[in-house]
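Student: Read off the chains here:
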Amino acid sequence: GENVEQHPSTLSVQEGDSAVIKCTYSDSASNYFPWYKQELGKRPQLIIDIRSNVGEKKDQRIAVTLNKTAKHFSLHITETQPEDSAVYFCAASKGGGSNYKLTFGKGTLLTVNP
Amino acid sequence: SAVISQKPSRDICQRGTSLTIQCQVDSQVTMMFWYRQQPGQSLTLIATANQGSEATYESGFVIDKFPISRPNLTFSTLTVSNMSPEDSSIYLCSVEHPGGKETQYFGPGTRLLVL
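If you're matching them up, the sequences are chains B and Y in order. Okay, so the first sequence: first residue is 1 according to our numbering, each after it adds one. Okay, so the second sequence: first residue is 1 according to our numbering, each after it adds one.
Don't take every hint at face value.
Listed next, the in silico DSS-like pairs over lysine-lysine satisfying Cα-Cα at most 30 angstroms (straight line) [to be verified]:
# : chain 1 : residue 1 : chain 2 : residue 2
1 : B       : K57       : B       : K68
2 : Y       : K101      : B       : K37
3 : Y       : K101      : B       : K71
4 : B       : K106      : B       : K68
Hints listed in this document are in silico derivations from the structure and should not be mistaken for laboratory results.
Modelling step: build the complete structure from the supplied sequences, incorporating the hints.
Tutor: Written out as structure tokens, the structure is:
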């Protein structure tokens, strides 16, 4: 089955700096890659996603890039703020019917220091 | 997106007992999913629940331990049977985007502590 590796496991940045989290996947049939943010004690919240027919997607301070050949995708957060502090999870799925199931990475604890 | 609720939000149970968790969504969805998140860990899919068919379980999870019901397009239950302390986790349901796309939205979770 699909395997998703996520790095780093922890990341500490100064407010205003950029943060990058990287994920690799094993199944070349995967075609949907969401990113979730989970604050302490809260549910995972979808923050951005990308499909395999797109190489990059941006939403304000957040962007995701996808390299299908290398089977990796990355989350970029610019101008980080303390409220960006959370655990971020990447995931992958093959889409379509039962293939909608998501395989998650192990998560990255992002700390933004004021 | 979708509005998803879960009951109970948390519970403390004795080993050997069972707990049924409910998941309710405000719109009709074909696919609902149940995940487990152990303390400080990632999310692991337990099973996929489609209305009108048997749930599909992932490797390592069996129906006798985690029976699932899906009586209609807005509701599902997960039962954690014959609980042990190792079952202490957060259990989350998720649903596909009401438009049928692959996006998933999560419920608030049920925090379970087994003593």
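Student: Evaluate each hint against the coordinates.
Tutor: To see whether the hints hold, each was checked on the structure:
| no. | hint | verdict |
| --- | --- | --- |
| 1 | K57/B x K68/B | 14 angstroms, holds |
| 2 | K101/Y x K37/B | 20 angstroms, holds |
| 3 | K101/Y x K71/B | 22 angstroms, holds |
| 4 | K106/B x K68/B | 21 angstroms, holds |
Of the hints listed earlier, there is not a single one the structure fails to meet.
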